[in-house]
Amino acid sequence: MERLRYSIWIIALFVVISVLVQSKLPLWLPRISWLDLPLIVTIYFGLSYRDSIRGMSIGVVAGLLQDALSHGPLGINGVTKTVVGFFTSSVSGRIEVEHTVIRMTALWLFSVVDLGVFAVLEKIFFASRFSWAHYHFVFTPILNAVIGLPLFYLGDRLRKRD
Amino acid sequence: MNEFLTRRKNWVALSLTLLMQLVLLGTQVTDRNNVRFIQIWANFLIIPAEQFTSATVDITSNLWHRYVALRHASEENLQLKEQIQSLSLEKNRLDAEVQASRRLQALLNLKEAAPWASVASEVIGSSPSEAFKSIIINTGVNAGLTNNLPVLTPEGVVGRIVRVSAHSSWVQLITDSESGVGVVFEKSRVHGVAKGSGGSILDVEYVVNEENIAVGDVIRTSGEDQIYPKDLLVGTVVSVQSGGGIFKKITALPAAQLSRLEEVLVMKKTPRRE
Chain Y
155 MERLRYSIWI IALFVVISVL VQSKLPLWLP RISWLDLPLI VTIYFGLSYR
205 DSIRGMSIGV VAGLLQDALS HGPLGINGVT KTVVGFFTSS VSGRIEVEHT
255 VIRMTALWLF SVVDLGVFAV LEKIFFASRF SWAHYHFVFT PILNAVIGLP
305 LFYLGDRLRK RD
Chain V
89 MNEFLTRRKN WVALSLTLLM QLVLLGTQVT DRNNVRFIQI WANFLIIPAE
139 QFTSATVDIT SNLWHRYVAL RHASEENLQL KEQIQSLSLE KNRLDAEVQA
189 SRRLQALLNL KEAAPWASVA SEVIGSSPSE AFKSIIINTG VNAGLTNNLP
239 VLTPEGVVGR IVRVSAHSSW VQLITDSESG VGVVFEKSRV HGVAKGSGGS
289 ILDVEYVVNE ENIAVGDVIR TSGEDQIYPK DLLVGTVVSV QSGGGIFKKI
339 TALPAAQLSR LEEVLVMKKT PRRE
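Protein chains in written order, with the numbering used here: chain Y, 155 to 316; chain V, 89 to 362.
No wet-lab data here; the hints were simulated from the structure.
Since the model is a prediction, treat every value here as computed from it, not as a measurement.
All clues given are correct.
With the Cβ distance kept under 8 Å, some of the chain Y side facing chain V (calculated, not the full set): (1) Ser206; (2) Ile207; (3) Met210; (4) Val214; (5) Pro227; (6) Leu228; (7) Gly229; (8) Ile230; (9) Val233; (10) Thr236; (11) Phe240; (12) Phe279.
Simulated coverage check for chain V against chain Y, where a stretch passes if three residues somewhere in it have a Cβ under 8 Å from a Cβ of chain Y: (13) 95–104; (14) 109–116.
All C-beta atoms in this analysis are idealised placements derived from N, C-alpha and C, irrespective of residue type, glycine included.
Make the full structure from the sequences, and use the hints.
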């Protein structure tokens, strides 16, 4: 399978842009404010590398930046994206990461994982202080998959061939 | 260990990264009581460790102290046993003294109440033969004692002096088979003679069948025998049977504890000097 390669700067740029756009998303496009761009970026780069530590590192940075721009505690998105980054990299060697269906499935599945980890952390740290609607679990992964897939193909254009 | 870490380096890295971020969260987020999670976790980790340490120290300390104590326990045990033995002997001695004091007080009371002069004496022996019921007391001629003087205890009549030496006397107990005491039944005022059975009881004779005598009746000296003063307690009726002849067969238990005599009073039949 052909592997995608990116300059570290490209990766950093994608991460920063995703976080900045995400912070403006509720203002610009409130209807799709559930979309999680840093997560899509994490999944994309995670699937691009077999190295779990690298995938995890991208997740850590994306998540912590996302936390830094939010009013929540630092680390909560960091943890969720750490997990997603790690496991996307772990599975990338075993699946055809450029297949559309697989990409959509991966986007949906890892969005569920992200929400699941977030829900566990929310339960541990915040008890019932957050009111989470159940439909969040249904629509956010779908939205991430639908929006994320074209972004994946956009990203493919910036890759360096091996 | 190194090999394990190398093989599992991805998982180790994931664990460490997650741990660091969870700690980061713990330092920021507080629970409902406004206590930071990091403090709660720290307590969660530290308290069992503290309890374990404390328990270990306690157990070690206990074992040590008990061991040290055991080294001296045997010695101490011996000392305590000796002490207990000594105290037990002391208690027995004191108990005996108290009892003696009570007996002597009762004897003194009797002496003071008696119209005749009397001599208090200590029992120093008893008859070596079962056939003769007698005791030896530590007063004799030197104390002014003579034969046939009555011997009493506060409980009742003991017997009479049958032999006297300079410093001791032989007292024939009322239970001796050769003894006879003139008695009267306290309730019915019926007269009779209490003879020794040679055992521990008295046979009260010469009471005719028509007399109304019952078990529990008290018998006292009648004074008719010219030896025992009148109205001294002799004993209590324990059985009454109508005999084949004209007399009842009555047995009585002596009032005085004849088998446990220690001090007695000998009455001298001379008026007491005040």
